[in-house]
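Trainee: What follows is each chain in one-letter form.
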Amino acid sequence: MRKYWFVFSIYWQEGLSRRASFLMERFRALVVLISFYYFWSALLKHRTSFVGYDRTQMITYVLGMNVLRSIVFATRTEEIASEINHGRLSGYLLKPVNFMLYTLFRDLSEKSINLVSSIIEVFGLILLFHVKLQWPQDTQTWFLFITSIIGATWLYFILSFMTGCWGFWTSESWGPRFLLELFLEFTAGAFFPLDVLPKLAQKIIMSFPSPYLVFFPLQIFLGKLNSTQIINGFLTQGFWILAISGMARWVWLKGMQNYSAVGS
Amino acid sequence: MKYLRIWSRLAIMSFMVQAESFLSSFGYLLGKLVRIGFFLFFLFSIFKHTDALAGYTLPEVALFFLTFNIVDILAQLFFRGIYGVRSLIREGDFDYFLIQPTNVLFRVAFQTVDFLDVVAILPVFYITFYVLRRIPGSFSGWRLLEYGLLILNGMIIAFAIHIAVASLAVLTQELENTIWIYRDLMTLGRFPSDIYDAPMRGILTFIVPVAVMVSFPAKAFLGKLDGVWMAHALLMAMTSLALSLYFWRFATRRYTSVSS
Amino acid sequence: MIEVRHLSKTFRVAHKEPGLAGAIKGLFKRHYRDVHAVQDINFLIKEGELVGFLGPNGAGKTTTLKMLSGLLHPTSGEAQVLGHVPWKRARDFQMQFTMVMGQRTQLWWDLPAWDSFLLNKEIYEIPKAQFEETVEELSRLLEIQDLLEVPVKKLSLGQRMKAELACSLLHRPRVLLLDEPTIGLDVLMQQKVRQFILEYNKRDKATILLTSHNMEDVSELCTRLILINHGQILFDGSITDFQAHHEHKTLTEAMRSAFASAQQVT
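The listed protein sequences derive, respectively, from chains A, B and C. Okay, so the first sequence: first residue is 1 according to this note's numbering, each after it adds one. Okay, so the second sequence: first residue is 1 according to this note's numbering, each after it adds one. Okay, so the third sequence: first residue is 1 according to this note's numbering, each after it adds one.
Hints in this document: simulated from the structure, not taken from any laboratory. These numbers were taken from a predicted model, which means no experiment stands behind them. Check the hints yourself; a few may be wrong.
[Unchecked claim] Result set (DSS-like, lysine-lysine): computed pairs, CA atoms no more than 25 Å apart in a straight line:
id : chain 1 : residue 1 : chain 2 : residue 2
1  : A       : K45       : B       : K224
2  : A       : K224      : B       : K48
3  : A       : K224      : A       : K199
4  : B       : K2        : C       : K88
[As the list claims (entries may be wrong)] Okay, the calculated beta carbon distance ranges per label pair:
id : chain 1 : residue 1 : chain 2 : residue 2 : range
5  : B       : L234      : A       : E14       : 43 to 51 Å
6  : A       : Q229      : B       : L234      : 50 to 58 Å
7  : A       : S90       : C       : H6        : 53 to 61 Å
8  : B       : L241      : C       : T10       : 31 to 39 Å
9  : C       : K88       : A       : E14       : 28 to 36 Å
10 : B       : W7        : C       : H6        : 39 to 47 Å
11 : B       : V34       : A       : P136      : 31 to 39 Å
12 : B       : S87       : C       : T10       : 25 to 33 Å
13 : A       : M256      : C       : S219      : 53 to 61 Å
14 : A       : L94       : B       : F106      : 47 to 55 Å
15 : B       : F206      : A       : F208      : 42 to 50 Å
16 : A       : E14       : B       : R133      : 49 to 57 Å
17 : B       : L23       : A       : F208      : 18 to 26 Å
18 : A       : Q202      : B       : F206      : 38 to 46 Å
The C-beta atom is built at its ideal place from N, Cα and C for all residues, glycine as well.
Could you put together the complete structure from these sequences and hints?
Mentor: As structure tokens, then:
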């Protein structure tokens, strides 16, 4: 296990040395944060609530969305495809490391750097705009919230790991990947709470795994779910984790067969 | 004339390069359109629960969003080359540009013409036209002309910003990433600038002229922009273009005196 | 054709101390060091001459070529190529000269060389008939007729160099600056590229200045030799004079001893 912590720390250092591109990424997140902050503020100026969210709840959602995106969506799995395409994967396979664990810790490193930054951004915004937030009232909610984030992070990791494995079959996986990430972000509630959509659209989206990445944890945080809904939510999240883990494993094994057959 | 021929030549070549990686290019194009579709759907959903956002109706808000996309896509279509200045310098292509009898800035800006954006812009034009027709009392030849001219004006500002970024890249041989800051700031123009509070609106009108580039055309079409602001927009475009061209000349002069 | 008088180029190089502390120090106070890449060089090249420009790495060859092509401003001194001051980058001048950098390419990597040719046709405003004639002639001389439709990335290094040469000569330049045109090529390919350069020089009366590390390039191609080291010219004259002067049999040995004695002086 020690070596994986080493991976974690070495990518922290690397992450800090790539300051420019890192700051750029955070800047993007900040712009999304600011524009949606103003958007909802304008919408809730002359009314007390919008689709069941009052001003405090909506702003909490926007800020929480920023933090959750940084944990859940921050990833470096896009490197897997190029590692496969350029044959660098062989380097890992020769060493006594588990490639999936290696990429997991690389991602965790990336996620934690982004988390720190996003928390700073959120607090900066709170101070700047004198924002009031709605915090959970009891420790139980906190516990459920954090559990759901761990689930969401794991779910997104295996999804994106699987996407990285497309590199086994094509050297141009970045286009489809871009498309998939976009779809996931929108349907995860990473731009706005999904309740603003029409009922039918909500129903369709809830049958995808994506709402369990951002929307579900934030619903718990805001205390919008009763205990049945929470249990159902965790069961569905768990189901998706198992199903996609199975798929990812299958894709990885198939890809490895392919890889060794071509012998690149 | 000569430049038009070079440009179309470069466009054809870029197209052929993109065709090489069809799957990725197609995914990217589809992604862009899906993003626009999702956003329109979001706005549409919002207006199921409200009649107005900052005093604008659904077609009006949609117009602001579509105008943002038009300026954004056109800028990418025409000035895509700027994104690669650093690699042009590193790979030595920039040196070839300097010794060839064409304008260097022209070559840098138009080195890659993103043809996918031609495909992307057509549906956006179509939807925009549809939305324009749906805004009661505004649709007239004169308003359309104002709208078009202010978009052109916005493109000039976009061009100036791209030149400034390219100059910075030539000067420092890095920092081409700064173009992404521009791209991200532009997204603040997705919504009508009226949703922002006074200090923020001031920044977007006078310092980072996102509002001038993307909100002004839509406002003009809605008849909510008076002559003073139009003059401001024109002044902004001319000044930024002049400043950036000056900066570009300074940067290339320095490049040819210090590079080794 | 090419006239160089008292040409000098000095670079100011920022001195950075290693490590983080050094980087921070560098933000406030920078130490500069002057590097004299080219120091007060003079030469004159007449029309139709084929001159070899030789010297070890860092001698100032490329810097000189860059000044003559207009890529670099000199620190002091004057130069004229085809009656123009190169670094003014006049259109008239650019239409009549070319520079080939052996380590770089202007061909588009993913596309056949033919497409890059067409681009240059527009850039240099070459009339259609002349373009076709030139392409036909160059590709016959270089034996690349069958390679023009192949993506450049699939070409071998030598094939790419030949396509590169053709692409740079489409506008029939009167002055050619060649920076290490045979670098990385195998012996056979070097031979072919050299033959072509010689041929082009004879047919078009083109003035050619070429740098190289390769002695054979020089001994087979050039009648005249300019030797440069530490930014200064050591020798300028015919190859036979040079060999006679050093009383050595081969050019390589003569060269070695020339640089060795220069080392002792400095």
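Trainee: Provide an ascending list of the numbers of those earlier hints which the structure does not satisfy.
Mentor: 9
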